[in-house]
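Protein chains in written order, with my numbering: chain A, 47 to 392; chain B, 1446 to 1810.
Keep in mind that the hints are not guaranteed to be accurate.
Unchecked claim - Simulated crosslink set (EDC-like; lysine to aspartate or glutamate; CA at most 16 Å straight-line):
| id | chain 1 | residue 1 | chain 2 | residue 2 |
| --- | --- | --- | --- | --- |
| 1 | A | K215 | B | D1638 |
| 2 | A | K160 | A | D140 |
| 3 | A | K53 | A | D71 |
| 4 | A | K215 | B | D1677 |
| 5 | B | K1784 | B | D1668 |
| 6 | B | K1575 | B | D1539 |
| 7 | B | K1782 | B | D1734 |
| 8 | B | K1784 | A | D71 |
| 9 | B | K1782 | B | D1757 |
Keep in mind that the hints were calculated from the coordinates and are not lab data.
Below, each chain spelled out in residue letters.
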Amino acid sequence: MADVGLKRVAKRFGDVEAVRDLSLDIRAGEFVVLLGPTGAGKTTTLRLVAGLERPDSGTISIDGRDATREPPAARDVAFVFQQYSLYPHLSVFDNLAFPLRAPSRRLPEAETNKRVREIAELLRIGGKLDNRATRLSGGEMQRVAIGRALVRRPAIYLMDEPLSSLDAKLRADLRLELKRIQLDLGATVLYVTHDQIEAMTMASRIGVIREGRLMQVGSPREIYESPNDLYVATRLGSPQINLIPADMVPGAGPRGAKTIGVRTEHLKITKPNGGLVGMVHRVEHLGDQNHVHIEYRGQALVTLADPHRPLAPGEEVGLALVEPLFFDAEGRRVRGLGGVTASHAD
Amino acid sequence: MAEIRVEDLRKVFHDFVAVQGSTFAIENGTFFVMLGPSGCGKTTTLRMIAGLELPTSGRILLDGEEVTFRRAAERDIAFVFQLFALYPHMNVADNIGFPLKCEGVARSEIRRQVVEAARLLRIEHLLKRKVSNLSGGDRQRVALGRAIVRRPKAFLMDEPLGALDAELRRDMSEELRDLHDRIGATTVYVTHDQLEAMSMADRIVVMNHGVVEQIGAPQEIYDLPATMFVADFVGSPPMNFIRFEGRLKPNDISVRLGGANVAIPASREGSSSEALVLGVRPEHVSFSDAAPMRGRVFGAEYLGTTQIVTVDTERGQIKARLPSLNQVRSGETVGLKFKSEALIVFDGATGRAMRSALHEGVRHG
Chain A
47 MADVGLKRVA KRFGDVEAVR DLSLDIRAGE FVVLLGPTGA GKTTTLRLVA GLERPDSGTI
107 SIDGRDATRE PPAARDVAFV FQQYSLYPHL SVFDNLAFPL RAPSRRLPEA ETNKRVREIA
167 ELLRIGGKLD NRATRLSGGE MQRVAIGRAL VRRPAIYLMD EPLSSLDAKL RADLRLELKR
227 IQLDLGATVL YVTHDQIEAM TMASRIGVIR EGRLMQVGSP REIYESPNDL YVATRLGSPQ
287 INLIPADMVP GAGPRGAKTI GVRTEHLKIT KPNGGLVGMV HRVEHLGDQN HVHIEYRGQA
347 LVTLADPHRP LAPGEEVGLA LVEPLFFDAE GRRVRGLGGV TASHAD
Chain B
1446 MAEIRVEDLR KVFHDFVAVQ GSTFAIENGT FFVMLGPSGC GKTTTLRMIA GLELPTSGRI
1506 LLDGEEVTFR RAAERDIAFV FQLFALYPHM NVADNIGFPL KCEGVARSEI RRQVVEAARL
1566 LRIEHLLKRK VSNLSGGDRQ RVALGRAIVR RPKAFLMDEP LGALDAELRR DMSEELRDLH
1626 DRIGATTVYV THDQLEAMSM ADRIVVMNHG VVEQIGAPQE IYDLPATMFV ADFVGSPPMN
1686 FIRFEGRLKP NDISVRLGGA NVAIPASREG SSSEALVLGV RPEHVSFSDA APMRGRVFGA
1746 EYLGTTQIVT VDTERGQIKA RLPSLNQVRS GETVGLKFKS EALIVFDGAT GRAMRSALHE
1806 GVRHG
């Protein structure tokens, strides 16, 4: 496992600037997730590291050496694609062993055998090694595809939404397993996804990417609790952070604040006693909690409430903003204390 | 406006029983969701209500009138499919008005109805646009407009949001529910997404292998699942199941779990077998050094407000939803405490929830 670095990397396809001035250092043993919507440049970044694309400018280093001009085979990376492609005529064992039997990096058969069995155990497909690859469920096939990358010990694993083709339950299981395997192996991973849950639950650090630009890099907690930008604030959190124009909340925020961001758990319902007053629009029962939709001066806000707390549509409630975030007209975070607590949360 | 009743409805395809004797009533104006995994019979049931599929036996009543074998066109129901086919050469207004045009409605009346439908959907500004230039969400709205414009007695929707990406899906599901509140027509909505069902429904029917597992308000289904299937299917992460040997008698207020007593809501029936299962929702698990049930932290998943901590125990993995403020380390040993007043005991042989004092509480919805 090795450090991997991108320095001021740019890549353009015709008129589209896919990646702009992107710098990112991935330390050995780190699980870095690039989070962004379709077209943000995440996959291009991954392909640049793999050597499947060549940057227009900037450098890519792997394990301290400049790899910018190296062909993919020389880079010592393992790629997992979104859609698994297994050799249908081979057994699970032979599919997993395939990368280790490639002429360029052939291992002794005993070593191959040992690694395949280890990885199969980690992925809990140890009992399926003799099966034909096509006689597996979708989830098992994707495990084999991931396993085929994991049998190698490359400088870095590059993963392009490897879980997105799986159903929700399996995705949740594999998320946890993949993270555990990465920790066990001490593997360095660069993983791209548009799924904020995957990013938050697996990453050592998240890089939020938008229109080819890296907006912020930090631990999930840093990104969630202290976004430095309005876009980043809206990327994490479900339901999305509430955004309120600053002039709608009297006396709120430091100078230059145009928008107030309040996470759903920081919008507290109080008794309607002279401060901010909103009206309950709808209560969604999600089981473990309720999402309460509230209208405040024409703004739709969402807050969380205990599922057994009685709240009815049309009811007036007081609102208190706890730990609000402030953003300027350009969406940049404005720091400073702003007491917008209209009344004490109950 | 319509009340829909389904009585002992059954559908057999060759040797496959798709729906095995469903009975339920959907009150007028309800947003009713049929929830279950693929192949559970929910879409077949919906198609029988629509008249797109004829039942093998049983009855379907629309406002008290039997329509079981009536053709789809004679049922005054609008069906919204997952993939919307719009006419690409027509503009939005013509697409929405098309069903009325087919029925020979006067042009001025079509115009009036189209504007009204567009107003309900908040797409009045798009009426003159070509559909080929619209975003995914707007195309969906236009397709809905085409269903609304006929003012049917009921809307039947088969995973209408299935093809959209997660974020748009969430927005559209809120919009659909708002639309329902404005129009007030009975809606029957099929989905395999439990979160969508929970957030949109007035009432949910959970189906599995062609059988109705439970019907109830979302909170009731979540708090008081009738079967282990429901408990597992609804909720994310799902309810934890802890299998143990024991016998439950009426009025028992605790169970013996690995040498320790765990308090439960007073039991109202006795178990028929020794195989029991304790059901605990992840948010009802907490860590306590004093708790007799021990485990080792397998991993923690940060979710912002909360985190899901997975703990390996000798009775299998248990997931806890905890505030994200608690720092949890993988490998550390913890004691697991359960919120007694929310526990469910299942009969491990039948998968059925045992009746308890919880079932005597206030019913929601």
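**Message:** Hint check: A:K53 vs A:D71, CA-CA at most 16 Å. Holds or violated?
**Reply:** holds (8 Å)
**Request:** Take a quick look at whether B:K1784 and A:D71 sit within 16 Å of each other, Cα to Cα.
**Result:** violated (45 Å)
**Prompt:** Holds or violated: are the alpha carbons of A:K215 and B:D1638 at most 16 Å from each other?
**Reply:** Distance of about 11 Å is within 16 Å: holds.
**Asked** Quick one, are B:K1784 and B:D1668 close enough, alpha carbons at most 16 Å?
**Response** Distance ~13 Å between B:K1784 and B:D1668 Cα, so the pair holds.
**Asked** Given the hinted pair B:K1782 and B:D1757, is their alpha-carbon gap at most 16 Å?
**Response** Holds, at about 14 Å.
**Message:** Please verify whether A:K215 and B:D1677 have alpha carbons no more than 16 Å apart.
**Reply:** Status holds; Cα separation ~10 Å.
**Asked** Are the Cα atoms of B:K1782 and B:D1734 separated by 16 Å or less?
**Response** Distance ~9 Å between B:K1782 and B:D1734 Cα, so the pair holds.
**Request:** With a cut-off of 16 Å on the C-alpha distance, tell me whether A:K160 and A:D140 pass.
**Result:** holds (13 Å)
**Message:** What's the verdict on B:K1575 and B:D1539, does the C-alpha distance respect the 16 Å limit or exceed it?
**Reply:** holds (10 Å)
Hint 8 from the list above is the single one not met by this structure.
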